[in-house]
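**Q** Now for the letters of each chain:
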Amino acid sequence: MTSGERPALTRSVQQAVHDTARREGPTAALSALYEAIGRDTPVRGPGGHALVPEGVRHDAADTAVLPGIDGLGLLPLRGPTAPDAPAREPGPEGGPIGPAAWAEALTWLRLGLSVKILDEALGYLRDRVTGGSPLLTRQLIKGALADAVALQLQVRSVLDAHAPGDVPRPLSAGLNAMVTQADRMLLPLLGASGFTTEGPGRVAHASELLVDTYFTIAQEGTDLC
Amino acid sequence: MLTTSEERLALLRHQVREWAAEVRPFALEVDRDPSLATGLLHLPTVALAARVQIPPPYNDRPLSIKGEVFHITGALERAVWCEEVAWGDLGIGLASPGASMCGVLVEALGSEAQKRRFYGDLLERPTWTMFALTEPHTGSDPASLASTFSRSDTGGIRLDGTKRFVSNAVRARFGAVFARTGPGPYHIRAALVDTSLPGYRAEPIPTIGVRAAQLGSVTLESVELSEEHMLGSGLSSLRRGLWGWSRVLDRLRPTVAAMAVGLARAAYEYVCEHRAEPSREDAARLARMAHEIDAVRHLTLSAAAAVDRNQENGHLASVAKLRAARLAVSVTRAAPAFFGAGGRIEHPLLDKYARDALAFEFMEGSQNVQRLAVAGALTRGTLDPGAPVG
Ligand SMILES: Cc1cc2nc3c(=O)[nH]c(=O)nc-3n(C[C@H](O)[C@H](O)[C@H](O)COP(=O)(O)OP(=O)(O)OC[C@H]3O[C@@H](n4cnc5c(N)ncnc54)[C@H](O)[C@@H]3O)c2cc1C
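Chains A and B supply the protein sequences, listed in that same order.
First residue of the first sequence: 1, per the working numbering; consecutive thereafter.
First residue of the second sequence: 1, per the working numbering; consecutive thereafter.
Since the hints were made in silico from the structure, they are not lab data.
C-beta: ideal position from N, C-alpha, C; glycine also.
Honestly, I wouldn't trust all of these hints.
As the list claims (entries may be wrong) - Now the stretches of chain B that chain A is said to cover, found in silico as 3 or more residues with beta-carbon under 8 Å:
hint	stretch
1	109-116
2	134-142
3	204-210
4	345-354
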């Protein structure tokens, strides 16, 4: 824990945020997180942006339009647009938990979302029959599932190995890149049903927006070159 | 009159790029409200899409640039057209009126009368068409589709079934609909269906990306057709069935790859334009992106040229689609990060590009389907990695 920060979230709160994400999705999980840290104003990322559940108090003029998360009840908020922009809500530094604990909590949350996508992919692949057998029996599919779940477990093992509040921010950033990678392996398995706004594609998109908003090194999550 | 095909294609590319740039300012608006897509006929690429991709005997008003005439029916011309249109905006490109996939099928399987009517209608006024193959329970495996053509009480043909994820289904005036006349892959056929017929119903399916294309689900309930609607009646059951039209689709695959290249290029150029003074590391990443985009474009154009030379050369198109889809996804996902935290919120066009790119995972055959096709060609010996490409 960095000096000046309040104690981090307990393991049971982290697990609860993860489980809410897995069961109910990003909006419920973020709401649970805001509730756990006792805050009703936006927690902003390094660029001053935020992604908040609708219930969090905010300035309507800050709201950006991103149709990829339409209907989820999540609002993307812009950061300061000009050097002399009026003072904004402080970043997580000013809140009850510090930036490292916030990043750690987001990792739990996003891992929960990733497991949700895995759950939905498994359900889809079990039910989807092609050429006479369920897609789940295809080796290409099993390979992708195995790679994705291995990444998820790798992230989980690191989180489990650290006492709550002990995950340094750069490590959280790295773990989030792994979560993103797992999501990107899983989403294609859902076929076009993962591309509809009602489907898990929107969950994956919201999860990517969280990384984009709260971390500066999202590039690590890409597999380019 | 230009002598080389390279010069002709360069002329086409240059002109279409100029026109496609006019589409860009509408991209975000139509992404928010897909119903606006039908109101863009004042844009050159949208208006022209309505009347290109029609073969010479049926089109007396083809595209003419500096005296050069283009019908955009060959795979290479299509690839160049589609790359630039997708660079302008993929969603609006897919939402354009015209022959599109349905046209390729009519060209290959249609009778003379069907062609005259189909192309004639397209030229008469801008008309949206569709290609309805995917069903709620069958996507990658069309051999098991469930929609049926059966004899109707009046002696005609009755079409029943449900289709899903059909681009432009809500705005299409007609389109190709696939269904089976009996069990097995030889008994799958396509009909040209007028969407105003009783029993046809389409509803939009809101999507994460390419929202302008307004995917739809289609319900077909006792739609009354006659023999004249059926495509491929004069052909053998092999050629007009699953095997036949999947060869037809091979011809289209390079264009899908080309669209993916166009989208990747749009994202890359956006970063170059808006990222003032990139760090050395960022500049190096951008250079790698540029090389990769270029390499995939080469592959795609080679695949298109191969299909133009011989329609049986579809396997290279699968290779191109595999690489191009991957390129579009990775470039568009990497692009917002050049702008630091909040890149997607500050640059909504990049957020849109990343959403749009996902479409390539599925459009015109999923990535695994392409992988299986490439591996199949490799093991059959039709793909020789030691030989010149194309
Ligand atoms: C933007 C967009 C536009 C579209 N437009 C149209 C259109 O105009 N008309 C139309 O008919 N359809 C259209 N589609 C649907 C598209 O053709 C299907 O999404 C595609 O065929 C995949 O089918 P599916 O979504 O049912 O996925 P599924 O077939 O259910 O596949 C799910 C996953 O399993 C994998 N898979 C499937 N079979 C195998 C196998 N044998 N071995 C290993 N892995 C396998 C796939 O790669 C995928 O990852 C469109 C889709 C999109 C996204």
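**Q** Next step is simple, just say for each hint if it's right about the structure.
**A** To see whether the hints hold, each was checked on the structure:
| no. | hint | verdict |
| --- | --- | --- |
| 1 | 109-116 | violated (count 0) |
| 2 | 134-142 | holds (count 6) |
| 3 | 204-210 | holds (count 5) |
| 4 | 345-354 | holds (count 6) |
When each numbered hint is compared with the structure, a violation occurs for hint 1 only.
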